[in-house]
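**Q** Chains as they are written, first to last, in our numbering: chain A, 1 to 650; chain B, 1001 to 1368; chain C, 2001 to 2171; chain D, 3001 to 3102.
You may find that some hints are simply not true.
Partner residues aside, some chain C positions facing chain A, computed with beta carbon under 7 Å [as the list claims (entries may be wrong)]: (1) Leu-2095; (2) Ser-2106; (3) Asn-2141; (4) Val-2144.
If you're looking for bench data, these hints aren't it; they were derived computationally from the structure. Glycine residues also receive a C-beta, built at the ideal position from the N, C-alpha and C atoms.
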Amino acid sequence: MTSYAYLIPVFPLLGFIINIFFGKFLKRGAAWVSILSSLASCALGLPAAYEVAKTGQIFSAHAEWLTLGRSTLSFGYLLDPLAATLLFVVTIIGTLIQIYSAGYMQDDPRFSRFFAYVSLFMSAMLTLVIADNYALFFMSWEVMGLCSYLLIGFWFEKNSAANAGLKAFLTTRVGDVGFFLGILTLFTATGNLNFTELESSVHAAGATPALALAALLIFCGTIGKSAQFPLHVWLPDAMEGPTPVSALIHAATMVAAGVYLVARSFALFSAFPSVMQVVVLIGTLTAFMAAFIALSATDIKKVLAYSTISQLGYMVTALGLGSLSAGTFHLMTHAYFKALLFLGAGSVIHGTHSQDIREMGGLLKKMPHTAWTFIIASLAIAGVPPLSGFWSKDEILLAAFDSGNKIVFFLLLVIAFMTAFYMFRLVFLTFFGTLRNHKIHPHESPATMTGPLWILALGAILVGLPGSPFFGHWFSNFIHGPVTQGTHEIHGSGAVHHALNWFVVGCSVAAGLGGILLAAVFYLGKLNPSVWVMRTFKPLYDLSIHKLWFDEIYSVLLVRPFLKLGQWLFIFDQKAVDGLVNAAGTGTVKSSNLQGWIDKHIVDGLVNLVGVVTQLTSATVRRVQTGLVQHYLLITFVSVILLMYFHVKP
Amino acid sequence: MAGFLPDWVLVIKSVLISIAAIAFLGPVTMMYLTLLERKVVGRMQNRIGPNRVGKWGLLQPLADGVKMLTKEDIVPTPADPIAHFLAPILIVVPALLVFAVIPFGRGMTAVDLNVGLLFFIAISSTTTLAIFMASWGSRNKFSLLGGMRSVAQMVSYEVPMVLSVVPVILITGSLSTNDIVLAQGGWGGLKWFIFTPWGLLAFIIFYLCGVAECNRSPFDLPEAESEIVAGFHTEYSGMKFALFYMAEFMNSFTISALAATLFLGGWQGPVLPSWLWFFMKTYVLIFIMIWFRGTLPRFRVDQLMNLAWKFLLPLTLINIFVAGFWYFAPNTIVRVLMSAGVLSLSFWGLQKLNQGYAPEKRVYQFGD
Amino acid sequence: MTHLYDIVKFGIYALMAFSVLAAILAVTVRNLFHAALCFAAVLIGIAGVFLSLHADFLAMVQILIYVGAVMTLVIFAIMLTERFGDNSSPQNNSLTLAAFGLAIVSLIAFSTISVKTRWPIQENAGALHLSVGELAYALLNTYVLPFEVISVLLITTLIGAVIIAKKDRVS
Amino acid sequence: MIPLTHYLIFANFLFVIGIFGALVRRNIIGILIALELILNAVNVNFVAFSQNTSPDPATGQIFAFFVIAIAAAEATVGLAIVLALFRVRKTILTDEIHLLKW
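Make the full structure from the sequences, and use the hints.
**A** The structure is reproduced here in structure tokens:
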């Protein structure tokens, strides 16, 4: 199957073409076209991934594309463990979410357009996963950006949705420009854009500043796409899109592409410890900040959005700590449980037509399937063993512990605690207690929606196992197998390990369970200390509920200076200039009597002289500026001839 | 004789013989095509057609020629005399020139250019100039309208026509008409390009566009008698008028001949001599053109343009892709099925897409 | 065969002279339609010159694109903007004398440069035959980037021309 | 068989005539024709040089193709502008379009 790997993205592309052109005639059949095309990709992609996993080999092929001077650009596919992992994630989750969308989008007037976009997105994402060089990677990266824009603004009648789409597009653009410059820098420095030869070419070029710059610029792409600090502001707003889109693009796959980019460029990053430190810094900061904001969010999708940002920060931190396997592993598990969470949230929204968790409550009885799968996913993200999130989070904590950086380790623990807390705050507020707004009439969603939920729940439970000690850390061996031989020694922590570190496990479980317990105390019992906490730590609470004032800071940084400048100029005009003019006016009036005759005889004479000179000059000079094109043309030609003459003469 | 005359005289002599043959063939073809057309259309309309002059009216074209030559040559007073005079001459020149690259039989190409096909397309595209001269020079509103219509139509249909030829060039890898015929030899005629999915489609499109390029029915808007008298040659009489007709008939001959060359294997064929095969195929195609005229009503302008730009053009583009696939795919039945499937699917799809855009009812802009 | 060469040579020079003559007419004739026709004659003459330089494909492209397409456009524009046979207003502006002087000066200058420079003539000059395939190879390999840029330019032009020339719906 | 210099002089003639036309024509379409003439002169030079001096004879022809493509684009946009201009100002004579004149 591996030799047909290049066909994997082709099927969704066909689905896109059929849906965009003939969607009008297909009506509800559009969903079938998309789902079947995704299934075809699954049918090709999963055996290919299995082949990689079984043999541990790398499959790739490429064809020459362009010759640019001395270097050539090629395009082709690369199936290594990393790509296989992502294939496993993207094809399955993509298909499930499309099945779910068929139910969720049922009554939308632009039904076929939605599936066309999703198919295009699938195609781009799969291309990105199996791309074997930066150029192809960047192209599909941009197509994904386009799809993201289109889908966030899918309900463009709503002003906020259209604006959110624009914001997402423009914010990620900042990162993309950096990424593109990074690719160019890399190409200039090494003359190579292929992933397979990246390591050798980086070694050949040595650790030059240009390469460090390239790494940093490429990381800009990650910051934009994976919504890292300081470009994270677009992701919460992106929740304006349909919920399946949030699940597919803004939780499971596209935003993970940034992490994937770092993993792909790992050879480049790991050559520069300083760059790695930047990566760790950004990752930890993002993770902490987003988790902090999530504590107080009341919109069900916003909580999940901030949680996504936080978890992405986790992955980036792991990669920055030099643990390729931990980051990738968490990417995979996170994709499953976060997609599940979003789909669950979608189901809740579908059933209650509300997004505010303060209005909900007691949905466990009304929507049992949704509730139980949601709780499973929440347990997974909180890191409760033996669910998938536990294993991957443990890997990351272990990597942090091994790196010896106590602060990072501690922060990550705190974040884990916060994650558990806000997730179970969400769960308890939504599914337990009693319904707070009685205008809501919740009902369970149809089978096309609950089916994928259960399948994903199964995934959220099981996908952690390959990385667990029960399977001998099979996953980390697999990832480290053929790709990065030699590189994992650099930081020591990414290396193969076979024993559980009971201290780290203990900390991790304690943080998770502690968070759940605290949430239970806050929101389940009658005590309800949350109001008290809110009042006591008011500054902190304000900070959280206002999202650390990020939108405001940006508007201040960008908008206010211009307004200020304008005002300042206005005041200057009014006070200084006008004042001077007035003073001069008064002075002139007062002294005019005295100087009347001087005016008449000397000044007027001078003025007239100036006037006459001006007139004379302009009368001659204006002949040059006739407004007739051909006069200019004549001058140009004459000048060219003269230039040629002077050039040739000596 | 080789030792008798200097070499250069021999070269010029052979050139002259070719020129003479073509210069003779063109008008004769035209003369008897008029007869053929009148006979065939007559039969289709349950008439007999000309039968008074000579056996089966065989001398009718000669009589017509004499009549044309002796008619008065009228030039309208306000006309642009130079353009009005040059137009009928210039319209015949490209029509005659393209005969040079048509392979009439085995080794019977007057000039085997290595860019023969492009030569054909390039030269026939200059016809628009002559039509412009005729329509602008006559200073007659019907001429101008006819000329505008004609040029718009020719420019529009040239695009899908050229693109429909591209697959043939792609597969044979040559622009020489001779090479294209040679590439279709063997298998008792089964290697003709018309027997491939892309070839069939390209042939249909090429032939349709060719009919449009000749301004023949059902694409005869530029000369629509019921609308604009006779289009760009309204103001011409006598031999000048005959020249326009001559160009038109020669064009329909060359288009048919080229269609036969590109898709029907040219002079390839068993048993019979090569030139006979060639003429048989060509005349079948000419007969179909006349058949069109006998059966089909005229297009409306918007239908005409929609057909060219919204249907034929995308279809030819898809066809080029399919031909590229054909070139690289292994020679199996799968190749045939896949290309046929893609082409018929896109045919169906384009038809579906075009349906929505057909105007529901006619709008008379100046009707009130 | 020398005589034949002489004849062909004479033919080429005649073609050049014809082209120059037609070019002069194209920029001086009062009737713009005639000027366009003269320009078409120049283009065909230049196509002939290309043939003499063994650039067959280019010659055909020249005819196809210039005569078939560009001239059609030009004549369309003339028909849409000119009143028929209106030769009352002069076609030349007041620059004629200056332009003529400039033309003569630059003609002399350029011709001197052309004659005096010692061009590095290749040995097989004048006998290089290029097949269409080689041209295509050069176009799609060595010069693929300019080729792509040109295609972008053309599509931009297409859209731009439509937008400029279409009637304003609003007003 | 015809020396390079003769081609160059031929091209010079065309170029200079083109310049003359571009300078003296009042009608924008006339100017466009003259500009096309200049471009054609350049093309003749390209092909003549590629045939005579270049080690790779394809280069000149390829550039002639590019010039033709650009000339076509130029003609299209130019004529579109002419039409738009005519629609607004009812004239396409350059010396009657002088809004920017002093």
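**Q** Now, for every hint given, state plainly whether the structure supports it.
**A** Here is how each hint holds up against the structure:
1. A hinted interface residue such as Leu-2095/C counts as satisfied when its beta carbon comes closer than 7 Å to some beta carbon of chain A; here the least separation is about 6 Å, so the hint holds.
2. The closest approach between the C-beta of Ser-2106/C and any C-beta of chain A is roughly 5 Å, which is under the 7 Å cut-off, so the hint is satisfied.
3. At its closest, the beta carbon of Asn-2141/C sits 6 Å from a beta carbon of chain A; the interface hint therefore holds under the 7 Å criterion.
4. The beta carbon of Val-2144/C is positioned within 7 Å of a beta carbon in chain A (closest approach about 6 Å), and the interface hint is therefore held.
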